[in-house]
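Student: Chain by chain, the residues run as shown.
Number of protein chains: 2
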Amino acid sequence: MKVLIMGGAGMIGQKLLNLILKNKKLKNEEITEITLFDIIESPYPLNSSIPIKTKSGDISDPKTSIDLISSKPDIIFHLAAIVSGQAEQEFDLGWNINAKGSWSLFEAIRHKGDNYCPRVVFTSSIAVFGAPFPEKIPDDFFTTPLTSYGAQKAISELLLADYSRKGMVDGISIRLPTICVRPGKPNLAASGFFSGIIREPLNGKEAILPVSDEVRHWHATPRSAAGFLIHAAEIDTSTLNNRITLNMPGLSVTVKEQIEALGRVAGNDVVKLIKYKPDPMIQKIVAGWARNFETKRAIQLGFKAENNFDEIIKVYIEDDLNHKT
Amino acid sequence: MKVLIMGGAGMIGQKLLNLILKNKKLKNEEITEITLFDIIESPYPLNSSIPIKTKSGDISDPKTSIDLISSKPDIIFHLAAIVSGQAEQEFDLGWNINAKGSWSLFEAIRHKGDNYCPRVVFTSSIAVFGAPFPEKIPDDFFTTPLTSYGAQKAISELLLADYSRKGMVDGISIRLPTICVRPGKPNLAASGFFSGIIREPLNGKEAILPVSDEVRHWHATPRSAAGFLIHAAEIDTSTLNNRITLNMPGLSVTVKEQIEALGRVAGNDVVKLIKYKPDPMIQKIVAGWARNFETKRAIQLGFKAENNFDEIIKVYIEDDLNHKT
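From first to last, the protein sequence lines are chains A and B. The working numbering numbers the first residue of the first sequence as 6 and each following residue consecutively. The working numbering numbers the first residue of the second sequence as 6 and each following residue consecutively.
Keep in mind that a hint or two might mislead.
Said to hold, decoys possible - From chain B, some residues computed to sit far from chain A (all C-beta separations above 12 Å): (1) Glu46; (2) Asn52; (3) Gly62; (4) Ser76; (5) Gly155; (6) Ile235.
Stated by the list, open to error - What follows is a list of derived Cβ distance ranges for each label pair: (7) Ala136/B <-> Asp97/A: 32 to 42 Å; (8) Lys60/B <-> Asp66/A: 52 to 62 Å; (9) Lys301/B <-> Lys301/A: 17 to 27 Å.
Because the hints were derived from the structure by calculation, they are not lab data. Being a predicted model, the structure only gives us computed values, none of them experimental. Yeah, the Cβ is synthetic: ideal placement off N, Cα and C, and Gly gets one too.
Okay, chain A solo, but in the shape it has when bound (with noise of 0.2 Å):
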């Protein structure tokens, strides 16, 4: 079983690539080699028991995706992209990463030859979803993305779909919900305080919340991100009808909620640390963003996600906290 992850370096690749290397199998068979590869070269551990490679490279070349599948991995998990804010200010770079490398990957695969027809995950995102949202958006909620980021992930998926009907590619797409606690340094996303309002204050550093604290948003942890990837490689796709397109579970919860388990995990000297400084421009954009989802195909397909967000915080301090990530 030899597993390709495109995106290697990215923070989810990582927490995936940890968690293949602690499974050691994949559909109750050995990994035998892992490719990783990313734009730029990937780091992984020294020790690993299994074979690593590092690729590197740029998906809006054809030729890359050509090369990457010139082994036949059996599984491709297909996680490179351009970020949200980066695709909206750069139009053509979005569209050529985003949408033109998942179509290259898409028919590389197809003409591979061989009936090679490996399991691609695609991990999609909610911002396919754009304002006004119902309260908790049902699973057969139409995409009307509000960014060129989301728009690119929608048409993946719809171009993924099509080549796996035709068993082109034997493809399924996952919607992560917006990954809490995100380890690390405290980036420019828009969305960076949901994690921030936990992550920094556990270090012992001030985090800004721009927002009020009722804003409700849906979140899971990076390890559910690495166990959705790692269920949706082995799940049978011939029970999905051709819906290969899930909204993957999540906990919707308010920020106040999030501050409130704070306070029960770690106490309130830690919660100290959150100031509340008002930011429009924040505000406005999260004012965008959906706040809760059904996703009941997926909770009846197996996918798990925490169930508080004590949990979630939980998750980041066993995972993360102390860790250089």
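Based on these hints, arrange chain B on the given structure of chain A.
Tutor: Chain B alone, transformed into the frame defined by chain A:
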């Protein structure tokens, strides 16, 4: 006001041309030039008071779109497509024409310069939906196409929406019902009988009904389709709040109701020309098709279709019976 009709040789392209020639104006402005584009030479009336040009070519070649917009048409009706059955059989051709062709058009417009931002009316299809459906499909129902044609239409919708959101194009996508009564000769489309059982008897010929008369389907006349296109060209797209894709109104009737209407309009001797001859393959295909839609938004926005099937038959008699098409 310059108008470009892509797919101008097709049945709806011709109906649209005739309606434009009759109206002489769009958005209250005189039409000064009409260009008809198709893969073949488009027919047009020689006695037109408005200058008509024709062009033919292949929209999968990006140069074609660059040439088509060189004269900066103010309104572009994009109806050009490979039909459903052919797109399913010829995978590359379908994707090249129906998806990459649309994309090339939007790219050509984006790169034209001089703040060129024409209205683009894109004709999409209810083929973006795939069974199972609710009995009546709401406006916010998701797109899970079960044909490559449907996937290509859904992707073109998403592209047009993102280019429009970015102010590069002024787009609107309309999803047409099955067009009934389709004039002309019987064709091999699985949906052909919906028109055939009306058109052939009215022309004194036998027609085959391959499905049960309990089958329900979603119809609008060619006249309504042309009307939708004109209305979409004239609508204020700023009121659409970036949700530029609309399910068009139509009439949901059973085959039995179609036949009863034919009896009322043309008498029982005409009805006797319909012969029931079950075809399991067509029955299976038709079972996967949408039966009814809510179309609340389109109705609110002033799109209008027929209210009963008698009217649909009368439109055929007025517009097409005994006319060369």
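Student: Each hint needs a verdict: does it hold in this structure or not?
Tutor: Hints, verified against the model:
no.	hint	verdict
1	Glu46	holds, 32 Å
2	Asn52	holds, 45 Å
3	Gly62	holds, 24 Å
4	Ser76	holds, 26 Å
5	Gly155	violated, 8 Å
6	Ile235	holds, 25 Å
7	Ala136/B <-> Asp97/A: 32 to 42 Å	holds, 37 Å
8	Lys60/B <-> Asp66/A: 52 to 62 Å	violated, 34 Å
9	Lys301/B <-> Lys301/A: 17 to 27 Å	holds, 25 Å
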